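Protein chains in written order, with the working numbering: chain H, -6 to 127; chain S, -6 to 135.
What the hints contain is simulated information worked out from the structure, not anything from laboratory work.
Treat the hints with care, since some could be wrong.
With a straight-line cut-off of 27 Å between C-alpha atoms, the simulated DSS-like cross-links for lysine-lysine are [to be verified]:
| hint | chain 1 | residue 1 | chain 2 | residue 2 |
| --- | --- | --- | --- | --- |
| 1 | H | K36 | H | K61 |
| 2 | H | K36 | S | K126 |
| 3 | S | K126 | S | K7 |
| 4 | H | K61 | S | K7 |
| 5 | S | K126 | H | K121 |
| 6 | S | K7 | H | K116 |
One-sided and incomplete, this derived list gives chain S residues near chain H with beta-carbon spacing under 7 Å [as the list claims (entries may be wrong)]:
| hint | residue |
| --- | --- |
| 7 | A(-4) |
| 8 | A13 |
| 9 | A65 |
Bear in mind that the values here come from a model prediction, so they are computed numbers and not experimental data.
Here a beta-carbon is modelled for each residue, glycine too, at the ideal position from N, C-alpha and C.
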Amino acid sequence: MSMFSIFNVSGSAISAQSQRLNVVASNLANADAVAGPDGQGYKGRQLVFETVPMGSDASAGVRVSSVKESSEPLRRVHNPNHPSADAEGYVTHSNVNPVEEMVNMISASRSYQNNVEVMNTAKTLLLKTLQMGQ
Amino acid sequence: MFAQMTNGLDFHSKALVLRAERQRVIASNIANADTPGYVARDLNFREAMANASGSSSTLARPETPTATTHSAHIPIGGLSIGSLGSNNGLAYTVQSQPSADGNSVDLDRERANFVDNSVRYESTLRFINGYSKTILSAIQGQ
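So that you can see chain S by itself, here it is in the shape it has in the complex (with noise of 0.2 Å):
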């Protein structure tokens, strides 16, 4: 019976996970807004979170499907990107406008995407902290 009530605790708990990665993505593109060559990533937020709830470890590794527009097009979806060890549903971003020295962190994107995400990570605290209070005030009974 305890486990229905913390269910959609547990809900927000593995959406806060995913919100402070986000954030950490987004932070580290900021970070190198300066940087030649940098590929900025982000975090598809719904992918990773139907990986989250659907399996029972969070952040399993989604399968990632690759168009393939030609028939000698080899699909790379059980491929596992080397040096980026484990995906955990990071992608990269596309290019807005090109650059010469090959960065592709888009600044505005990156800031209005930065406070998206944090207006959704204390949103998501909110729910748990009322979701808390539920269930102390069912406990206590008062």
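Chain H extracted, bound-state conformation (with noise of 0.2 Å):
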């Protein structure tokens, strides 16, 4: 039956949808973070997604293939009295911008909400080819 593995198809864009917005999350809940005594401070992260065939040619599926770290440059802010400033008076911040990571949030929100509609539809028509004859 060839319309079910459009359940494969989208859920695999579902999966790969919801964990890019897991990554948002991270990145935003991390966005005001401090860097520890070590400067090391939080690194955005962003997916890679990769097309990977399901059966036959005509449907293709999404997988994450990396988790890749922002290789932006750590935010640095001067401010002499916080208790994690440098000898210079920095505070060292993760690189997150949050606008990028909301508009990030957005895009993956709808495409998460399109492939829900997709699965609907081919449940729906799925349903109604049921049916066929009745």
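Using the hints, put the two standalone chains together into the complex.
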């Protein structure tokens, strides 16, 4: 039954998008995190998606191929009174850009919704196919 | 005689299989809307249908004519596209808005295609249902 593979395809996309939402959540949660004594602050993470063939060449799912750390420089803020300030009075924060993360979140959520809708439509069509001839 | 009666049913069942196939292709496109480097695909329904109803075997490989605009161009009609296996009338869609990551999925178009295809799938289903009802009432003779 060829239409059943839609559930695999859209399901893989949904799980990939929810992983993306997860990463966005951790990035946003750590947006204001301050680096510890070793000076290594939190680095924003991004997912890399990859097409994965499913059965025939007509259906292509998605999977997360890797999680990459952002290579942007860590944000340094002058705040000599902060307990984590270094000798020059700078505090190292994470390199997460909250605006980018919000955009990323909206994009992921829209893609998630699209795939849910695809699954719903496929389900309706399959149910109607089951009733064929009645 | 019965074969004549079910001819129309045959046609619609082939159409239904192709509609399901196209639905699958479009679902893959929507699933890969955020995958870098993914190239959107689509099923040329007219070609696939002509293939399916013309030859006895459904989904025979179509002879895709390629345009040669230069004398040095090599026609690729006879070549099979290695990784894609047998090509069931599947083609690559034309990119409407180029993107930096090489993804050619136009989500608006894909969603429109998806809805369009599901309506057509359902109408084919109704044709089949009507046809089978007709045959059934002919058999029962009531």
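These are the hints, each one checked on the structure:
no.: 1; hint: K36/H - K61/H; result: holds (10 Å)
no.: 2; hint: K36/H - K126/S; result: violated (65 Å)
no.: 3; hint: K126/S - K7/S; result: holds (19 Å)
no.: 4; hint: K61/H - K7/S; result: violated (46 Å)
no.: 5; hint: K126/S - K121/H; result: holds (16 Å)
no.: 6; hint: K7/S - K116/H; result: holds (20 Å)
no.: 7; hint: A(-4); result: violated (19 Å)
no.: 8; hint: A13; result: holds (5 Å)
no.: 9; hint: A65; result: violated (30 Å)
When the structure is compared with the earlier hints, violations turn up for hints 2, 4, 7 and 9 and for no others.
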